[in-house]
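> Build out the structure end to end from the sequences listed, making use of the hints.
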Amino acid sequence: AQSVAQPEDQVNVAEGNPLTVKCTYSVSGNPYLFWYVQYPNRGLQFLLKYITGDNLVKGSYGFEAEFNKSQTSFHLKKPSALVSDSALYFCAVRGSGGSQGNLIFGKGTKLSVKP
Amino acid sequence: KAGVTQTPRYLIKTRGQQVTLSCSPISGHRSVSWYQQTPGQGLQFLFEYFSETQRNKGNFPGRFSGRQFSNSRSEMNVSTLELGDSALYLCASSLGEDYTFGSGTRLTVV
Chain A
1 AQSVAQPEDQ VNVAEGNPLT VKCTYSVSGN PYLFWYVQYP NRGLQFLLKY
51 ITGDNLVKGS YGFEAEFNKS QTSFHLKKPS ALVSDSALYF CAVRGSGGSQ
101 GNLIFGKGTK LSVKP
Chain B
116 KAGVTQTPRY LIKTRGQQVT LSCSPISGHR SVSWYQQTPG QGLQFLFEYF
166 SETQRNKGNF PGRFSGRQFS NSRSEMNVST LELGDSALYL CASSLGEDYT
216 FGSGTRLTVV
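These protein sequence lines are chains A and B, in that order. Quick note on the numbering used here: the first sequence kicks off at 1 and runs consecutively. Quick note on the numbering used here: the second sequence kicks off at 116 and runs consecutively.
Some clues are possibly wrong.
To be verified - With a straight-line cut-off of 35 Å between C-alpha atoms, the simulated DSBU-like cross-links for lysine-lysine are:
{"id": "1", "chain 1": "B", "residue 1": "K172", "chain 2": "A", "residue 2": "K69"}
{"id": "2", "chain 1": "B", "residue 1": "K172", "chain 2": "A", "residue 2": "K114"}
{"id": "3", "chain 1": "A", "residue 1": "K110", "chain 2": "A", "residue 2": "K22"}
{"id": "4", "chain 1": "B", "residue 1": "K128", "chain 2": "A", "residue 2": "K58"}
{"id": "5", "chain 1": "A", "residue 1": "K114", "chain 2": "A", "residue 2": "K69"}
{"id": "6", "chain 1": "B", "residue 1": "K128", "chain 2": "A", "residue 2": "K107"}
{"id": "7", "chain 1": "A", "residue 1": "K22", "chain 2": "A", "residue 2": "K77"}
{"id": "8", "chain 1": "A", "residue 1": "K58", "chain 2": "B", "residue 2": "K172"}
{"id": "9", "chain 1": "A", "residue 1": "K110", "chain 2": "B", "residue 2": "K172"}
{"id": "10", "chain 1": "A", "residue 1": "K49", "chain 2": "B", "residue 2": "K172"}
{"id": "11", "chain 1": "A", "residue 1": "K49", "chain 2": "A", "residue 2": "K114"}
{"id": "12", "chain 1": "B", "residue 1": "K172", "chain 2": "B", "residue 2": "K128"}
{"id": "13", "chain 1": "A", "residue 1": "K77", "chain 2": "B", "residue 2": "K128"}
{"id": "14", "chain 1": "A", "residue 1": "K77", "chain 2": "A", "residue 2": "K58"}
{"id": "15", "chain 1": "A", "residue 1": "K114", "chain 2": "B", "residue 2": "K128"}
{"id": "16", "chain 1": "A", "residue 1": "K107", "chain 2": "A", "residue 2": "K22"}
Hints listed in this document are in silico derivations from the structure and should not be mistaken for laboratory results. In this text the structure is predicted, and so the values were computed from the model without any measurement.
Written out as C-alpha cells, the structure reads:
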C-alpha cells in the first residue's frame with residue numbers, strides 16, 4: 001500500500017534562512033510525488049511535482065524539491081524563507097493500480113517563519 | 116482559465132440532517148475526487164469519479180455518496196449527519212498528473 005510520512009509536525013525557521021520540510025514515501029512502482037501548500041481556511045495550492053526526469057524539481061514561489069529514490073524521500077526546500085511562507089505543507093503521492101485517480105497525503109507540516 | 120469551484124463555502128447543519136456539496140471542475144477535466152480534512156485525521160480520500168463513473172472509493176461509511184454529471188460537475192452527499200462529519204471537504208479536478216483543488220466547503224454539524 002502507498003503511504004507518505006512527514007516526520008515533523010512543525011518546522012520553525014527565521015526569515016532569510018533556508019528551510020527544509022521532510023517527506024518520505026512508500027509506493028509500488030514509480031512514484032508520482034507532489035507538494036501542496038494550504039493557507040488558513042483555504043484549499044490546497046500546487047507547488048511542484050515529480051513524475052520523471054531530473055531529481056531536482058523547481059516549483060512555484062521559489063520552492064524546490066529533491067527526489068531521492070534510494071532514500072525514498074522528496075524533501076521540500078527553499079534557499080531563503082519569507083514570513084509569507086508560513087502555512088501548512090502537504091506531501092502527496094498518487095495512488096497506483098486501481099487508485100491512480102487519487103492522492104495519498106502525509107499529515108502535513110506547519111511551517112512557521114519568524115521575522 | 117477558471118479554477119475549481121466548490122459551493123457552498125460554508126454550511127451549518129444539525130445532526131441527523133443530510134447535506135449536498137457541489138464541485139465544478141476545470142473545463143476539460145473529467146476526473147473529480149473528494150477529500151475530507153479534519154485536524155485529527157488529516158486529508159482522507161473519499162471517492163473519485165471519472166466520466167460519470169465512480170472509479171475509486173476510500174474507507175468511509177455508506178452515508179457518504181457522490182455522483183458525477185455529464186458535464187463533469189460532481190456532487191457529494193452525506194446523510195444522517197454526525198458531529199464527527201464536521202470538516203473541510205475539498206474536491207480536486209484532474210487531468211493526467213495535474214490535480215487542482217477547490218477552496219473547499221466548511222461543514223459544521225451542530
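> Has the given pair, K128(B) with K107(A), been kept, meaning a C-alpha gap of at most 35 Å?
Cα-Cα ~27 Å, so holds.
> Assess, step by step, whether the Cα of K110(A) is no farther than 35 Å from the Cα of K172(B), and give holds or violated.
holds, 28 Å
> Given the proposed pairing of K110(A) with K22(A), does the C-alpha separation stay at or below 35 Å?
This hinted pair holds, its Cα atoms lying about 11 Å apart.
> K49(A) and K114(A) were given as a pair; does the straight-line alpha-carbon distance stay at or below 35 Å?
Holds. K49(A) to K114(A) sits at ~27 Å (cutoff 35 Å).
> Would you check the hint for K77(A) and K58(A), treating anything up to 35 Å between C-alpha atoms as holding?
Within the cut-off at roughly 10 Å; holds.
> CA of K22(A) to CA of K77(A), is that 35 Å or under?
holds, 9 Å
> Compare the distance between the alpha carbons of K58(A) and K172(B) with 35 Å, and conclude whether the hinted pair is satisfied.
holds, 32 Å
> For the pair supplied as a hint, K172(B) and K114(A), confirm whether the alpha-carbon distance does not exceed 35 Å.
violated, 41 Å
> Is K172(B) close enough to K128(B), meaning Cα to Cα at most 35 Å?
holds, 25 Å
> Between K114(A) and K69(A), is the straight-line Cα distance small enough, at 35 Å or below?
Roughly 33 Å between the alpha carbons, so the hint for K114(A) and K69(A) holds.
> Is the straight-line distance between the alpha-carbon of K172(B) and that of K69(A) 35 Å or less?
holds, 29 Å
> Straight-line Cα separation of K49(A) and K172(B) no greater than 35 Å?
OK: K49(A) and K172(B) at ~24 Å, within 35 Å.
The structure does not agree with the numbered hints 2, 4, 13 and 15 stated previously, though it agrees with the rest.
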